[in-house]
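Peer 1: Listed below are the residues making up each chain.
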Amino acid sequence: MSAVLQSLVNQPYKHGFVTDIESDVAPKGLNEDTIRLISAKKNEPEWLLSFRLDAYRKWVTMSEPDWQNVHYSKIDYQDISYYSAPKPKNKLASMDEVDPELLRTFEKLGVPMHERAALAGVAVDVIFDSVSVATTYKQKLAEVGIIFCSISEAVHNHPELVKKYLGSVVPVGDNFFAALNSAVFTDGSFCFIPKGVKCPMDLSTYFRINTEGSGQFERTLVIAEEGASVSYLEGCTAPQFDTNQLHAAVVELIALDNANIKYSTVQNWYAGDENGIGGIYNFVTKRGLAKGVNSRISWTQIETGAAITWKYPSCILRGDNSVGEFYSVAVTNNFQQADTGTKMIHIGKNTRSTIISKGISAGHSNSSYRGLVRITPTADGARNYSQCDSMLIGDQCGAHTFPYIQVQNNTAKVEHEASTSKIGEDQLFYLSQRGIGAEEAVSMIINGFCKEVFQQLPMEFAVEATKLLSFKLEGSVG
Amino acid sequence: MSNSVTNSNDYLQYLLKSWSAKSASELTGLNQLRASAIDSVGTQKLPNKHDEEWRFTDISPLTRLTYPPSQQQSRLQFSDIDKFCLQNTTNRLVFVDNHYSPDLSNVADSQIQILGNLHSLMSSHASTIESHLGHYAKFDHDIFTALNTAFLHDSALIIVPAKTCITEPIHLLFIASQQEVSSYPRSLVVSGPDSKVTLIEDYVSINQSSYITNTVTEIRLAAHAQVEHIRVQRDSKQAHHLANCAVSLADSSQYQSICVSLGARISRYNLEVQLTGENSNCTIDGLTLISGQQLSDTHTSIDHVKPNCTSRQQHKCIVDGTAHAVFNGKIKVRPQAQQTNSSQSSRNLLLSNTAKVDTKPQLEIFADDVKCAHGATVGQLDSEEIFYLESRGLSKTTARNLLTYAFAADVINRIPVASLKQQLEQIVLNQTQGI
Numbered sequence: 002m003s004a005v006l007q008s009l010v011n012q013p014y015k016h017g018f019v020t021d022i023e024s025d026v027a028p029k030g031l032n033e034d035t036i037r038l039i040s041a042k043k044n045e046p047e048w049l050l051s052f053r054l055d056a057y058r059k060w061v062t063m064s065e066p067d068w069q070n071v072h073y074s075k076i077d078y079q080d081i082s083y084y085s086a087p088k089p090k091n092k093l094a095s096m097d098e099v100d101p102e103l104l105r106t107f108e109k110l111g112v113p114m115h116e117r118a119a120l121a122g123v124a125v126d127v128i129f130d131s132v133s134v135a136t137t138y139k140q141k142l143a144e145v146g147i148i149f150c151s152i153s154e155a156v157h158n159h160p161e162l163v164k165k166y167l168g169s170v171v172p173v174g175d176n177f178f179a180a181l182n183s184a185v186f187t188d189g190s191f192c193f194i195p196k197g198v199k200c201p202m203d204l205s206t207y208f209r210i211n212t213e214g215s216g217q218f219e220r221t222l223v224i225a226e227e228g229a230s231v232s233y234l235e236g237c238t239a240p241q242f243d244t245n246q247l248h249a250a251v252v253e254l255i256a257l258d259n260a261n262i263k264y265s266t267v268q269n270w271y272a273g274d275e276n277g278i279g280g281i282y283n284f285v286t287k288r289g290l291a292k293g294v295n296s297r298i299s300w301t302q303i304e305t306g307a308a309i310t311w312k313y314p315s316c317i318l319r320g321d322n323s324v325g326e327f328y329s330v331a332v333t334n335n336f337q338q339a340d341t342g343t344k345m346i347h348i349g350k351n352t353r354s355t356i357i358s359k360g361i362s363a364g365h366s367n368s369s370y371r372g373l374v375r376i377t378p379t380a381d382g383a384r385n386y387s388q389c390d391s392m393l394i395g396d397q398c399g400a401h402t403f404p405y406i407q408v409q410n411n412t413a414k415v416e417h418e419a420s421t422s423k424i425g426e427d428q429l430f431y432l433s434q435r436g437i438g439a440e441e442a443v444s445m446i447i448n449g450f451c452k453e454v455f456q457q458l459p460m461e462f463a464v465e466a467t468k469l470l471s472f473k474l475e476g477s478v479g
Numbered sequence: 010m011s012n013s014v015t016n017s018n019d020y021l022q023y024l025l026k027s028w029s030a031k032s033a034s035e036l037t038g039l040n041q042l043r044a045s046a047i048d049s050v051g052t053q054k055l056p057n058k059h060d061e062e063w064r065f066t067d068i069s070p071l072t073r074l075t076y077p078p079s080q081q082q083s084r085l086q087f088s089d090i091d092k093f094c095l096q097n098t099t100n101r102l103v104f105v106d107n108h109y110s111p112d113l114s115n116v117a118d119s120q121i122q123i124l125g126n127l128h129s130l131m132s133s134h135a136s137t138i139e140s141h142l143g144h145y146a147k148f149d150h151d152i153f154t155a156l157n158t159a160f161l162h163d164s165a166l167i168i169v170p171a172k173t174c175i176t177e178p179i180h181l182l183f184i185a186s187q188q189e190v191s192s193y194p195r196s197l198v199v200s201g202p203d204s205k206v207t208l209i210e211d212y213v214s215i216n217q218s219s220y221i222t223n224t225v226t227e228i229r230l231a232a233h234a235q236v237e238h239i240r241v242q243r244d245s246k247q248a249h250h251l252a253n254c255a256v257s258l259a260d261s262s263q264y265q266s267i268c269v270s271l272g273a274r275i276s277r278y279n280l281e282v283q284l285t286g287e288n289s290n291c292t293i294d295g296l297t298l299i300s301g302q303q304l305s306d307t308h309t310s311i312d313h314v315k316p317n318c319t320s321r322q323q324h325k326c327i328v329d330g331t332a333h334a335v336f337n338g339k340i341k342v343r344p345q346a347q348q349t350n351s352s353q354s355s356r357n358l359l360l361s362n363t364a365k366v367d368t369k370p371q372l373e374i375f376a377d378d379v380k381c382a383h384g385a386t387v388g389q390l391d392s393e394e395i396f397y398l399e400s401r402g403l404s405k406t407t408a409r410n411l412l413t414y415a416f417a418a419d420v421i422n423r424i425p426v427a428s429l430k431q432q433l434e435q436i437v438l439n440q441t442q443g444i
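Residue numbers (the numbering used here), protein chains in the order written: chain S, 2 to 479; chain A, 10 to 444.
Careful: at least some of the hints might be erroneous.
In silico lysine-lysine, DSBU-like type, Cα no more than 35 Å apart, as pairs [claimed, not checked]:
(1) A:K205 to S:K414
(2) A:K92 to S:K344
(3) S:K414 to S:K75
(4) S:K344 to A:K54
(5) A:K205 to A:K92
(6) S:K59 to S:K141
To be clear, the hints were calculated from the coordinates, so they are not data collected in a lab. All figures in this text were calculated on a predicted structure; none of them were measured in a lab.
Build out the structure end to end from the sequences listed, making use of the hints.
Peer 2: Set out below in structure tokens:
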């Protein structure tokens, strides 16, 4: 039994290849000159350079957080290249001009970059080593007034919007990694949905780290004006290297009155080999501001990759009646470590939040749920429901729960529940006596365990997530 | 009497100065323990809000209270403490400002070795004391345990021999009678194999004055031992109460704890239970009932070291006024502790719109074949329940009082000592009456 599960869990990483593409890589190291270089290379306006320098100066005074339940050797921030871009980077008029090598890369990854591959019906912004290489369906989106482009383009074409919102949800000095990102971010996606527009298709960003020794620092900014709504997807992969690479992204979401933003992530960064060598350090700050009344922000994440995940997608529920949601599945295997969760800050009246978190640990991995639910004195009638379940597969792994509940308003109602268990012998027995093989039975139980979260994903992602989960855990059940 | 010291280091220096070797006992082991504790105090700092364990509890006001260790002075009569005594409880040890008071104490049961004065029992039970005292409540990482050990003086010492069942509960009554003093009560309970005992640890005050109580309790359960531990903290509303309790369980032993926290301006109770034997089991119930400007912090840790153990915990807080309740319950399951079954619930009732609760149930699990669950709720009284009672003719106030009382009674009803249960029921009724 154990062997079957073992083989179930240990599928090799499929996206571990390196694309041989000429890159423009900045020398390693970080100082004010590096930041000026990045800014100059991207031909940025003065205000953005001072934004970066301000962040850098704050970053220098900060120290790396050590409260999280993960262990790794110190990162040498001077040994990272802070800028890496695929070389022939002329302005691209259409998808046909994209470097064919790049196209093949994304073809291999199954990302529909070609507009002809319209079947998927998803507009994609592709970020290769933190530079946006292509955005599809721009035209079609522009017709309804949606701006969907790389953040560098947005800086040039819509500076007033970027200037207004950049750093408004995650201030430059928010935390160590957010400050680092604010100083050196090279690209990312920008999305603006104007008043009353329901985005006609799902928007998507695809992140790929390619160059060894580079860090990826991208920045995503999504703004939904009054009554607008959008569903945003994010996917990530990286090649297999023995060295650890740093990914420190910042995502900011802003929802005005009656706006609705749904942000889904399927994270499958390279997780290191079975001995825990290599892999991505995924230190990400994601935060949404439900600024307007009746606004809604929903985070869904499937975290399967990365050697270390440190990520807490949060919602600040400022508008009255605003809603925050967090659905997460975190799967760790081998020596992966994940410390992830959410923060729900209730400020407005009658704000509601739901947290569903499922953690699955196998091998020698550790996964932690760390969440904060804070009800401030102004949040009359606030309501929260949290549920976090963990499943352990094997006796070498760990599952941890750190829920912080802080309530300062007696009209609020907060509920939290958590459980930890393994796959029951009786459940497996039941399925096997119905003629279902052990492997399939385990996969079925795990999918059932995660169902509440998968239901939140757009259909294509849900299919992918289910598949991802089944190889991820191939061989670990038994 | 008290001069103000603002810096926490200065505060510790002040305390160190008041420590003197004059209370040295004839036992070298005890002197060594005290000396190493005072050395440890020298290397530690007072915790502040940047320490994760003290994030919600600001104890900086303590540094302004440079209270000297209490001296023996008050001559309390039995009539003074009569109201605290429990009916039908004949085993009673009384400590007034941490000084053992043999006149007020009474031990009816000859089977137990029970004494308040460490020195007198030391001669006959030196080896037992040396092998247990300071072994469960470690002072290297806790400044308050270190201070308590350094200032160790009289202590309640209870040794229950093997195969002995003590039917009468033992009432440990710690009375504060002086103001602006610090006292360091200490208790050690060693229960032998197959023994059974009920312990009531009770902190009371004669008047509503300001003082500091820093207490440490150690309980060791040998194989198949059963200990019921009821802890009632009804200190003065001006007092500061800092408490550590360490419990160690051997194979198949059972520990039941009920902790009721009512008093003190700022109180902190750390309960650490280690299930170091297989098939052992612990049940922990807690009730915090505070109002005004009180702050009550309960930190518990249940450490499942060995397989096949069970633990169940329930903690309830009722918070009124601008009071602030903190609960942090950690359940740790070590890699070899398979077949652990553990549940924990934290339920909090906020009665006013300025009351505040910070709760953090925490699971750290390293074994796979376990069942662990925790839950937490924060809310106010259910309006439908109030409506139901109103529809039966109760006034809104009565309905609210009744529901609040019922919320607390859940914990109080678990107390196995009838007389104490009645006393506490009355206190809870009085408190909820004002709401």
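Peer 1: Hint check: K205 of chain A vs K92 of chain A, CA-CA at most 35 Å. Holds or violated?
Peer 2: holds, 27 Å
Peer 1: With the threshold set at 35 Å, check whether the alpha-carbon distance from K92 of chain A to K344 of chain S stays at or below it.
Peer 2: violated, 49 Å
Peer 1: Hint check: K205 of chain A vs K414 of chain S, CA-CA at most 35 Å. Holds or violated?
Peer 2: Roughly 42 Å between the alpha carbons, so the hint for K205 of chain A and K414 of chain S is violated.
Peer 1: Holds or violated: K59 of chain S with K141 of chain S, Cα cutoff 35 Å?
Peer 2: violated, 41 Å
Peer 1: Just to be careful, I want the Cα atoms of K414 of chain S and K75 of chain S compared with a cutoff of 35 Å; is the pair within it?
Peer 2: violated, 41 Å
Peer 1: Does the alpha-carbon distance linking K344 of chain S and K54 of chain A stay inside the 35 Å limit?
Peer 2: holds, 31 Å
In summary, the numbered hints that this structure violates are 1, 2, 3, 6.
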